[in-house]
Amino acid sequence: MWYIHVAIMIWVGFGFLMTFLHRYSLGAVSLNFLASCVVTLEAVFLVGAFYYMDNHDPGSRFTVSLDIPLLIEGLFAAGAGMITFGAVLGKVSPSQLLLLMVLEVPFYAVNDYYLIGKAFTARDVGGSMAIHTFGAYFGLAATLFLSKKGTGSTHAQNKSNYTSDVTSMIGTIFLWIFWPSFNAAIALPPDGRFTAVINTVVSLTGACMVTFLMSAIVDGKFNMVHVQNATLAGGVAIGSSADLVGAGPGGALAIGIVAGILSVVGFKYVSPLLEKSIGLMDTCGVHNLHGMPGLLGGVAAAAILMVDDDMAGCGHQLLALLVTFGIAIGGGALSGFLVSLVDRLDTEAAVNYAFNDEGAFHVEV
Amino acid sequence: MWYIHVAIMIWVGFGFLMTFLHRYSLGAVSLNFLASCVVTLEAVFLVGAFYYMDNHDPGSRFTVSLDIPLLIEGLFAAGAGMITFGAVLGKVSPSQLLLLMVLEVPFYAVNDYYLIGKAFTARDVGGSMAIHTFGAYFGLAATLFLSKKGTGSTHAQNKSNYTSDVTSMIGTIFLWIFWPSFNAAIALPPDGRFTAVINTVVSLTGACMVTFLMSAIVDGKFNMVHVQNATLAGGVAIGSSADLVGAGPGGALAIGIVAGILSVVGFKYVSPLLEKSIGLMDTCGVHNLHGMPGLLGGVAAAAILMVDDDMAGCGHQLLALLVTFGIAIGGGALSGFLVSLVDRLDTEAAVNYAFNDEGAFHVEV
Amino acid sequence: MWYIHVAIMIWVGFGFLMTFLHRYSLGAVSLNFLASCVVTLEAVFLVGAFYYMDNHDPGSRFTVSLDIPLLIEGLFAAGAGMITFGAVLGKVSPSQLLLLMVLEVPFYAVNDYYLIGKAFTARDVGGSMAIHTFGAYFGLAATLFLSKKGTGSTHAQNKSNYTSDVTSMIGTIFLWIFWPSFNAAIALPPDGRFTAVINTVVSLTGACMVTFLMSAIVDGKFNMVHVQNATLAGGVAIGSSADLVGAGPGGALAIGIVAGILSVVGFKYVSPLLEKSIGLMDTCGVHNLHGMPGLLGGVAAAAILMVDDDMAGCGHQLLALLVTFGIAIGGGALSGFLVSLVDRLDTEAAVNYAFNDEGAFHVEV
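As they're listed, the protein sequences go chains A, B and C.
Note that my numbering has the first sequence beginning at 1, numbered continuously upward.
Note that my numbering has the second sequence beginning at 366, numbered continuously upward.
Note that my numbering has the third sequence beginning at 731, numbered continuously upward.
I should point out that these hints are in silico values taken from the structure, not numbers from a laboratory.
These figures come from a predicted structure and were not determined experimentally.
Coverage of chain C stretches by chain B, computed from C-beta distances (three or more under 8 Å per stretch; other residues unrestricted):
{"no.": "1", "region": "732–746"}
{"no.": "2", "region": "768–775"}
{"no.": "3", "region": "793–803"}
Chain A side only, calculated, beta carbon under 7 Å to chain B, not exhaustive:
{"no.": "4", "residue": "Ser160"}
{"no.": "5", "residue": "Asn161"}
{"no.": "6", "residue": "Ile173"}
{"no.": "7", "residue": "Met209"}
{"no.": "8", "residue": "Phe212"}
{"no.": "9", "residue": "Lys221"}
{"no.": "10", "residue": "Val227"}
{"no.": "11", "residue": "Pro249"}
A few chain C positions that, by computed beta-carbon distances, are all more than 12 Å from chain B:
{"no.": "12", "residue": "Tyr844"}
{"no.": "13", "residue": "Leu874"}
{"no.": "14", "residue": "Phe875"}
{"no.": "15", "residue": "Ser883"}
{"no.": "16", "residue": "Pro919"}
{"no.": "17", "residue": "Gly950"}
{"no.": "18", "residue": "Val995"}
{"no.": "19", "residue": "Pro1002"}
{"no.": "20", "residue": "Ala1042"}
{"no.": "21", "residue": "Leu1052"}
{"no.": "22", "residue": "Leu1071"}
{"no.": "23", "residue": "Thr1077"}
From the three backbone atoms N, C-alpha and C, an ideal C-beta is built for every residue, glycine too.
Make the full structure from the sequences, and use the hints.
The structure is reproduced here in structure tokens:
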């Protein structure tokens, strides 16, 4: 059951959420489909191999045992990958995308399995750090190397239309409904799971409500970009602490509300600033939905541990967050640079190709 | 699991079902999203408080314990709220909608918890009365106060287009599939749940088949309004008696078939009549999908109790239905009147604003 | 839970997958909805009656006991029916479709229950043979009798558009995610189920990846027809052997890859050839997604039994496959002929009516 719920988030959730681009809907849902398969398969082998190396009988034959928890680990890696995809959406060829994903998985797996899990034994049941922070900053660093001039927010095709705004909501709603299962999938049953489900529901509810409020405040009317994305920030930000009883419904609500505010503010002010100042072109705004709320999630877990007087845990948590951030930026930059050597286009061709399915698909009019 | 299934009905089911309006799809799915969060949260506090007051240790601190059954109670309230939303869809501002929902919850909770549940101990496992009858007549009474002249069925934008008819079917299909879980969510496991699932599946199957037949009979060809709505009337009408063994598959099939006929006849004949005679403008036709089939559901449960020779139960059931109907009409009229004092528009502005997302959303062309 | 998962495949999966026709989306999802209800109900009675006749106490009253496993059997029959629908999609009237479905169920039930299940005790947990091979060749034989000249691949309306390609992906993604549950629904818990889930996930992953590769090879760019369909061939082909431990992840991956290749090659080369040579007009290409991969599935199970040194089982498996193929062709031809006597149109009217919802629905522009 947990496997199916997480699979719905990856293929339905991320797949349809990214259909918002009016001429790149096919690429969004199709390449999300393909790339998630590739990442899951690679991650299953890699995480499985790590697990084997730590637990095998000396002298036994090398075997990875494929079971449901390992598949869920594979899907978590696909989650990080699809967040990265969001940053480069519409600006890379399918080959570049797959190469970027293949390069991302080892960084992801080492960070998740050895650093967060073993070195720091940090709290991260729903992956605020391992999945969201990592996936977002990896993608943001990569997109700096992969985005040509003219493929930013002012590109004529970098927009939604009425229908694509509706199909994108399929993704939003399914992500929002199944996020509690995502955060609870590897929590300890039954109590940890139950706590993770309740806290995530509450946090998402807070994020949804505050997003509409903030959207109306900053933009006069509701903005579908905010509705599609910032409503989910509560799921991201509660990820590290979802199974900590210390959070409680009140704390979870607060985390969700702060995450929603942060996310809307990010879309309205931070993204334009980053595009203008350092040329960061982040198609889906993953910095606002996954990056900043992911950091918030790591910090929130640290704060809860501090309140519980677990100062060592708090320190480990913050170190794990910092290391995740660093590996994501470094790995993303390196991978983005390597990928930029493949399928090179001049600027004019890149602009024509961007946000347009006709580059890679036979498109019916 | 039951929580997730009911959540799918609320956010995917109602949300996409209401996207049928070709220029109000964003408002339908987005405001359904927001308002369901608000109603769920309010209902959790209110029903939780009622439960606490009835079960607390004297002298203990006031605490509502948030668990999955209470969340499901909250979602049931959101179901009633979204039915009400259907009656006023496209004709109220977001502020008006939220205010209407906030006013509705106390009426809902008192009726459901104290009257149906405690005073009459009526059968209503799937909420034919508490959710469907209540939500529909509350909304119908409110819409009398909230609909300006010219915002009825002849309004130029009060229509679907080809794409919105398809996205609306996402809602229909998910509602239809998950309805058995809705009716079984609070039934007594394992037997009551099993009976409720089977009876609901059978009733829905009957309603689906008869809807197509009736639609072709009354309209010559199939009418998507019937396909989208009346196919679901079997789930509404079996709601009160889903867990009564006395119904049996034959009885459930009969209830579904009658509900489907009633619903198509309602769309074809009753709604135009009500609009012409008393100016009732019911955007989604909730009277046909929830109102009349809900009443049928209450009566059917009473009839089954009568056949089982439980005359007291039968009487209580009918009284509960009558009281629900009265509170819904009264509460809806009062709330509709109060809401009509907010965000007042003159008739011309109301007509321009109606069934059009541009009033509340930044809309991409 | 398994019931719900299979229901999602039937109504969401097949329903939306077939919305790809740009002017027959309403018919696809609506008639899939109706016809699946009719087939499920009929199959529940028929399979239930077979089961009763084999297991009743002599002298007892004739009763079919409706339970969840029997409902799942009914849905499996609906699966076969919807595959058949795919072959004739857009070319038959609703009455013809329902009649064809009603005629198909007895052939299906006798083949599945008595021949595959009892006479040959063949392996077919996910229905590669009973559902996919049967449904496809039944439909292909029927479509030979039901397709008028000019309603083939060159018909002006036999095409998708951008939006319908996106809504079709709703079907693909939900089918792909829930297919493991389909193949595991009647496997023996817990081990058989677990094996069936894992093998199906692996096979589908292989089919998805190879489909994109093959599509780019044969068509230069990705073709949405392949993405929507061939990615699922791995689920079809692993159907007979999903619960055989002998397959193992490696074998499952191989089956999925071969199925994906077979399916893309079928769409690109085999379908045009069959249309040209024998006038076979297969709207959805069910021969490529269900026919050939279904045959592959039966053969693969036989091969696995052979490797396991179960020569009798291998022979029975191949005989069951052959008999299924024969009954499907014979039953489909007979049924198609009978149905062609109803709602007869001349060629010109048939061409006008084809792939166009306006024949059977009130369509909003």
